[in-house]
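Make the full structure from the sequences, and use the hints.
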Amino acid sequence: MGVSSLIFLYLPLLTVLIFAFNKSEDATTWGGFSTRWFSTILDNTDLIRSAKVSLSIAIPCALIAAMIAAGLAIGMGRATGSVQNVLRALVNAPLVLPEIVTSVGTLAFFSQVGIPLRYGSLLFAHVVMCVPFAFLPIRSRLRDFDENIFEAARDLGASSFRVMTKISIPLLIPALLSSGLLSFIISMDDFLTSLFVSGPETTTLPIYIFGLLKLGASPEVNVIAALLLIIPTLGLLVGITWTATRRRSNEARHQ
Amino acid sequence: MGRRKRLSIIGVAAAVSLLVGIAVPQAQAAVGYPKKPVGTELNLYNWSNYIDPALLKRFTAETGINVNLGVYESNAQMLAKLEAGARGYDIIVPTDYMVQIMAKKGLLQRIKRTTFPNGANLKAEFANPYFDQGRSYTIPYLHGLTGFGYLKDKVTTNPTTWKEFFAAIPSYPGKTTIFDDKKEVIDAALRSMGYKPCTKSVVQLQAAQDLIKSIKPNLNTIASSGNIGRLSSGTSVLLMMYNGATYKAKLANPNVVFVYPKDGLPLWQDNFAIPVGAKNVDNAKIFLNWMMDPKNIAQASNWAGYNNGITGSDKYLLDAMQADTAFTPTAAQMSLGVAMAPCSTAVNDLYTKVWTAFKG
Amino acid sequence: MRIPVRSQREPGIYGPNAVSFPAYVTGFFLVGMPLVVITIFSFLSRGDFGSGVIRKFTLEAYRTVFFETDLMGNSSFNFTYLHIIGRSVLLAFTVTLICLIVGIPTAIWIALQKKSTQRVLIALVTIPFWVNVLARTYAWMLLLSEGGLFDKLGSPVLLYTSWATFIGLTYAFLPFMVLPIYASAEKLDRSILEAAFDLGASGWRVLIRIVIPMIRFGIFAGIAIVFIPALGAYVQPALLGGNKVMLIGSLINDQFGESRNWPVGSALAVLLLAMTGVILLSTRRRKLEFAS
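Sequence order for the protein chains is S, G and Y. The opening position of the first sequence corresponds to residue 1 in the working numbering, with each subsequent residue numbered one higher. The opening position of the second sequence corresponds to residue 1001 in the working numbering, with each subsequent residue numbered one higher. The opening position of the third sequence corresponds to residue 2001 in the working numbering, with each subsequent residue numbered one higher.
Be a bit skeptical, because a hint or two may be false.
[What the hints assert, rightly or not] Label pairs and their computed distance ranges (CB to CB):
id, chain 1, residue 1, chain 2, residue 2, range
1, G, LYS1112, S, THR29, 49 to 59 Å
2, Y, LEU2082, S, SER39, 48 to 58 Å
3, G, PRO1254, S, TRP30, 23 to 33 Å
4, G, ASN1066, S, ILE230, 24 to 34 Å
5, Y, PHE2093, G, LYS1154, 34 to 44 Å
6, Y, ARG2063, G, VAL1202, 11 to 21 Å
7, G, SER1214, Y, LEU2082, 16 to 26 Å
8, G, ALA1207, S, VAL86, 52 to 62 Å
9, S, THR233, Y, GLN2118, 16 to 26 Å
10, Y, HIS2083, S, SER24, 39 to 49 Å
11, Y, LEU2082, S, VAL86, 30 to 40 Å
Worth flagging that the hints you see were computed from the coordinates, not collected in a lab. Please read these numbers as outputs of a predicted model, since none were measured by experiment. Yeah, the Cβ is synthetic: ideal placement off N, Cα and C, and Gly gets one too.
If you want it as structure tokens, here you go:
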């Protein structure tokens, strides 16, 4: 059963990958192997621009969301008051609520307050969406650590600020990297929120691609879809091998 | 510099840049025609797949202005986006009735067309439309008609009316498409039964609703875009189609036929307009003027398959295209075309009821 | 001397409390306020020509959702909207069920492998999650279209049918079901399983009586993570379903876009929110029961 699930998961991805090399102009029928369509997409200025827009949102979003999430984890301590619980539930809400609700809510809120749909508003919407994702690796990392270290530092008279800068933040660096990466991907891939909150200069890559998909299958879309597949997979593989080698060298060091 | 100070400076800088991004003040636009472009950007909000990419590239090459293209699929979608707070589009492409609605709502800027170098290049019949007397808000882009198209080797009954169109749909299950546009679809249904668009009669609208609901199981998709490919590849053999789109489909598949339904069809005009809140008004005016050059608008027509309202463009239009009835209707076919007009709000609400009942 | 109360904050244990404020501020303004605003909008009236809202209290939006006056002016239960809601619930339920049926054995199978193999398999399960949902949906557009692989293998053309929507959703959410169940399953104490087998229990009995109860947190988490987004899905019905079958997600999108009826769109969003709340509460309560 497990193997068949994996086949189910990968068959479509392989199809997209293979069809990117389809020579035929009819995107859905195989006509032979060719890389001709890869060069045509480079001429597509709209595609390139939307990719730039997405990157210009995703990179700041990753940084800001990681910082905000770190702040939340650090500043929250082990607080369990009801106010904190409500606020924490709010922060985590984008994770559990359907995106259609949060995106129309954000649109309604912006329009009510009079915030136009520009770069800044889209960035904020993305940050809010990414913070709960960024929060997950950070929180678990803090919890994994021996709380005695923190208590000892406090007992020795360290101010909470010193504890943060000298202990918490350095400990969190690997988790911050995960948070940033996670937020980056969530932001790059986001479609629904961007659809509602986007304005004139903020056509993101997924919005552009959705418009192309509505025009039906085409060789160009095959290539774009394949790239959307290859790039994150390569990134993931690099990330996985990097963490694996780090782990191995850590283990080796501790022999 | 201490970490704290660094962080706070970053924080302030981030906050300021975000605020600036949110509330940038409008640059003062020139009155009349600008001498040269201001900045290098133009935000064009257009129908999906409706302008030649090569034409935009040539515009950039000749003027130095980059065109940022956003797309929509219907007038209502475009209006919804603008009203939701998406300010900053410089050019939009509303259809006739939508121009009237938006002008009334104060959403369009007046353009001093007479100050444009090409400002007088309007064909006589397009100079004073009902929706924009004197063309103070818009210039014409392309115009066309909505009928239906089919593959003559697959659909052998040769439908010539909307009535026959709807009657034929059940014979081709999974191979028929209609627009995702409530006005176009409901109007077509009304026409097929001899009624008029914008009718107040609930009996007629109920009949229209029953009709479209009855054919729905035979549709493959409900879409206003992507139909050129669908028709030419045979994924759909009978679809609601714009005449120009059908012409393009014909280029790929000679079996394509466009029909001007005998029970009446809408004649629509698309226009360029500058919405209130545009960021690059000067560049927008340059674009409007550029599109009133007969050579440029002819390139747009040649690519899209629709005729335009600019004098002098005829000599640049492709001969083969001009000879095709999908592009140039005969006088008889043209007389079947009825200019679209907006329905009253009450009737619009009824249309929405019908549409939601249909789609649901 | 003050005895610290359990619920009192432990200030500064990881750092100053103040650094959490940006999170609280964004959470309040950009998560809390939007929800408040759409709830309020659902009780307001439509603006003229349908744009935005005007501040006039009315129950019209909810009335439209639940009771329709058809064209003839007859009032009745609004079968259109209720149908759409019911259909969405049924679809989300079916998708969740299939994901459970496929996901539970897959997760258990992975958990029974060697540690190093587990890591590889989990990475393999996670990779599709990183690929943009549009690309993954497009893959099914290719597979299910006329002339696509499924067509060539003899199945009827599934693109633009409800089946396509269903397949697309199941495909998108399967990793979401597998991962939390695996997280529970890998903590399974194998010795208990071995003991059960030694005592003569059949595979099925072990599965149902022992394994599943032990991984039930993962299952509940998986159900919540799949059912809720599936309820509000928009992309798959639009691209794979041919835009014919309206679900709540497409309906809300339509009300905020083409149909320009923000109060009704907000009312539907509030309903969806309420349904989400019910699911979350019901999957949470069981956790607490076990904890006590």
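Hints not upheld, ascending by number: Of the numbered hints given earlier, the structure breaks none, since each of them holds.
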